[in-house]
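Using the hints, put the two standalone chains together into the complex.
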Amino acid sequence: MPVFEVHGKQYEVDEDGFLENPEIWNEDVARDFATTEGVEGLTDGHWKVINYLRSYYLQYGIAPMIRKLCKETGFKLNEIYDMFPSGPAKGACKLAGLPKPTGCV
Amino acid sequence: MKQPDSLNEMSREERSPLAHLENEDLMPLPAPLDSPAKDHNWTALSEQTRERYECGLDDTCAVSVPKPKNRQEEDELVAKFLSGLDKLFTQENNWTFLQPLVLTMEHCAQCQTCSEACHIFEASGGNELYRPTYRSEILRRLYFKYVQGGGLLSAWQHGDIRLNWPLVARLIELSYRCNLCRRCAQTCPIGADNGLVAHELRKLFSQEMGIAAKELHDNGTMLQLKAGSSTGMNAEAVKDNIDFIDEDISEKTGIAVKTPWDVEGADVLLIHNAGEILAWPENPGAFALILDAAGISWTLSSELAAYDSVNYGLWYDDAQFARVAVKHAEAARKLKVKKIVLGECGHAHKALAVIADRVLTGELAIPRESSMTLLRDIVMSGRLTLNPSRNDFPVTLHDPCNLVRLMGVVEPQREIVRAICPRFREMEPHGVDNFCCGGGSGFAIMSGHNFQDWRFHVSGRKKLEQILNAFSDCLEPETPKYICAPCSNCKGQFRDMLAYYRLWDKHRILYGGLVELIVNAMTDVKPGFIEWEWH
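For the protein sequence lines, the chains are A and B, in the order given. Sequential numbering of the first sequence, starting at 53, is according to my numbering. Sequential numbering of the second sequence, starting at 1115, is according to my numbering.
Here chain B stands alone, though its shape is the one from the complex (with noise of 0.2 Å):
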């Protein structure tokens, strides 16, 4: 393992990496993945990327950095970090995060509580470059040198830093080499939150240097805001899918379904990630059939970007955040609905239900549901006839981190998986205590050059421990077995990894959504609505 043996060296001009991972490095893994000589090998970054993009971090390169031509433009983009370094600090251009933000700056112990609690620092076997504090010490400093102006007291005081392009260059690349879980957060006894810092810092990059993942701001809110979801559906492309998934629902359950769009004064606008849409759309079909069987009246909206909750500027923009919040909010107000309830995606939960409050006032301040406390209303009502008995195969349940540790949404899924799944088993730990499928803050969709590699090996490796140890008992292909994710980004990290992993071809561990569940447990339907194909 080659890790950095001080903060000094992101400041080193020579760009070769700071970390290298070989597989024996890792956390062990248990059967059936316990040997590291059988594992993948990594894909090399190749020469033209190194050539062309800032990659002196680690293995891999998230977010593509051109290297600068010269040292003038080395300079200025030096010279923009450091006045948006200065904006993260004042009232008026950070009025969102600016406190905890300070907090976090001036009341960290280094006690490494939150180090220990880090599924990236963990899986990666301790390499320094991945430890929490590593990076929040990095910024740190510059805020007491930059920020409050310290001299040499203050540099004996809390450290020094050399500021130039390398240190910014590797620092772009380290603020994604975070999931915004924030379990470490959750843990700290003071309440310092590096998850927060890590997206502070991709706040800045973007907002102040124009440079943030391409699939989360190009390819994501701009599309989204332009052709109306990050998937680039427009309006007809949305609504002749959402006609195929109604005939292809109703000929599998033998319950005709038909989704209404744009129904003024429904009580619920429902907001899926429109990615189920594409690439599950079971669920949107489920969720149909569930709520026309409670009786529920509600609509979809095929206003421009109302038909994709995704809100990418959750994990790196805040200008770009209260943008598409409110372009949801508005598509709620023009229909008269009384509350909009989310589908089955997690970081759209907490964009829209939390994180967009002090955004959405006066006629926007309209109320926002959880699918989950939704469909556990109806559930427990006994509105569906449901027989558990369906889902007679082993189920475990996975805690998307905005969902569950960050909105408190614990137990409603959890009430109706152990009401309709007889062999119901959890991970440890699960709740608030659970760990990110490793596909966190946009991660399951990113995968330029080899990052695919990182967040299988690293980010997604706590996660695979504890699918393998809730299953140890049925590993057997005999017995098919499902990972319950209701969050399509976790949803695309465990198709991902389980592919990589051969972990469905092997083992039929397979994975899917909570609605999904529900609809194969209806007595109305006909059985066998999870299929049993990789999917």
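With the rest of the complex left out, here is chain A (with noise of 0.2 Å):
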């Protein structure tokens, strides 16, 4: 498996660089996964669309829809792809610790 390092810490990720066990998943994760997808500090929009990720994965152990995920947030996609320069699947998905969207999405 490869190893992600950062700030002297390690993590478990996928070959996509997808955190490999999400239930590891805390605030620091994200800030930390940050770097990695071109996003410079979170702010409140951010950590917005982090958590809804987070809560909906929870529930339904996948990945909201985009336009759900707009709906809930508010947010345009646009302003999704301006926060989270990798887009919502590749970079916000990475950031909240979810796994890597499967199936042809």
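Hints listed in this document are in silico derivations from the structure and should not be mistaken for laboratory results. Don't take every hint at face value.
[Said to hold, decoys possible] Residues from chain A shown here face chain B by an in silico Cβ test under 10 Å; the list is partial:
id: 1; residue: Q111
id: 2; residue: K152
id: 3; residue: T154
id: 4; residue: C156
Beta carbons are placed, not taken as given, at the ideal position from N, Cα and C, and that holds for glycine.
Next comes the structure, spelled out in structure tokens:
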């Protein structure tokens, strides 16, 4: 398993750099992984997206529809891209400690 | 450009890559992507990746095969490979594809007509590693040497090859450098099928050695059979999402939509690629609206795997393929529907409608139809009131390989687009001569390490050229443009590739499905169903 080292910590990740064990997530994980996805500083907006992703994941075991994410957080998709340059699936989900979305999405 | 001089390099113990591409080596693209210097640099594989995984083929790594720990492990893997090779060529173990495979082994004349037809070979600037016959010739030599037990004379006649773990490791990766679009097979004057060779190799690796791309097997088929969908959606999640889509579509169109679930005796069981539900919800929403407006009796099924038409086994494993196909047919049998209709997903079409034919017998032999023909009948019958001027923007039509070249469903979608899109223009070539989007055979969902760099620069390049040519008269950002791609996998590739080359940002080239264009033209619907926003 590849290892991602940051700030003196080590995280086991998959080939795409997603956290291998989503259950070990905490807010530090989001801060630590922000560096790999071009996110500079986590604002209230970032946390709103991350917390929604997290709570949806805990209920359903997957990431929500992007359209639902936009509707529930009140952000347009381009605003989410502004916050997470690598996008909602690759960027925001990674910071929220979700596994990489699967299937034809 | 670095490229292999001969087939023997595949067996080289030292693992430095056999091929390397620079942007300057690639097939040139038209404006605005005509400057190799301005193209993105490729992300190099990390040291960590090169240490852990077999990366001795080229600039990328698709399958992440762990390096064996010692010679003994290598030998065991080679022994498994040999046993799988034998099985590929026996009737009882490969009743599905034995005949075309043997014909392909025995009858290639090396005329290279196929090489001229291969978009990957051309896009790579003609790198020998990606020549379609390079891969096939390796299997052919192994076949004559180990399956036919050829001696010196055979080696002289057919060429020799040295079988060792480095060869097998490279061959695993090389079987994932082909989109299985089978344009090569279409053009071969003898009927040899290099696409089938890549498929059969993947099958050997999966069925005999337990090696397959993670996105297709662990997170694809296995997840689908366990959770109900390759997306991980269980029945509760998918119903929740469809509820959301119904609400969203009703609000947006002004027409109340309520998707029916598990309706016994419905005429049509519609199966979407579940990726549509998560990533392109306007597509299942548009389907619901059209089927209701046309008075079709239809339903979705919430049975395990029956709300996700994907069948990734088509690309790498016959056994997994059959398991999923049977699940689809069983759901239809249980609901006593008259037929299954496949949504906008190319490989699901070929999987269930064609390849599964020999698996689905007796009670499971339920008719399967393409949504293209059903939609064509609905649109042409005049059951919907359509105003083509609502689609007054340039539209081109992408032909998903599975649906078009490999099934012959060419005209129904064109009849619709011609009828409702006044500024429709074809890509050249098109129809059965189309080029793959570059995401075929699962590549659109494979993005480990730097694989995306390869699929944007190489496998998607020919399609990129076609798109830019189709819209060359209207590239200005003031004119929004639409690539109609009736296939989830192709849409995923377009989304990623258009974003990578900033073709939406700078030139307003968007992509989407077919049903969205139909709903956009419906006069009963609030105008502006297609949103000109990036998604």
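Hint-by-hint comparison with the structure:
Taking 10 Å as the C-beta cut-off, the interface hint given for Q111(A) holds, the closest approach to chain B being about 9 Å. Taking 10 Å as the C-beta contact cut-off toward chain B, the hint placing K152(A) at the interface holds, the least distance being around 8 Å. For the restraint placing T154(A) at the interface with chain B, the shortest Cβ-Cβ distance is roughly 4 Å, inside the 10 Å limit, so the hint holds. Nearest Cβ of chain B to the Cβ of C156(A): about 3 Å, under the 10 Å cut. The hint holds.
Of the numbered hints given earlier, the model fails none.
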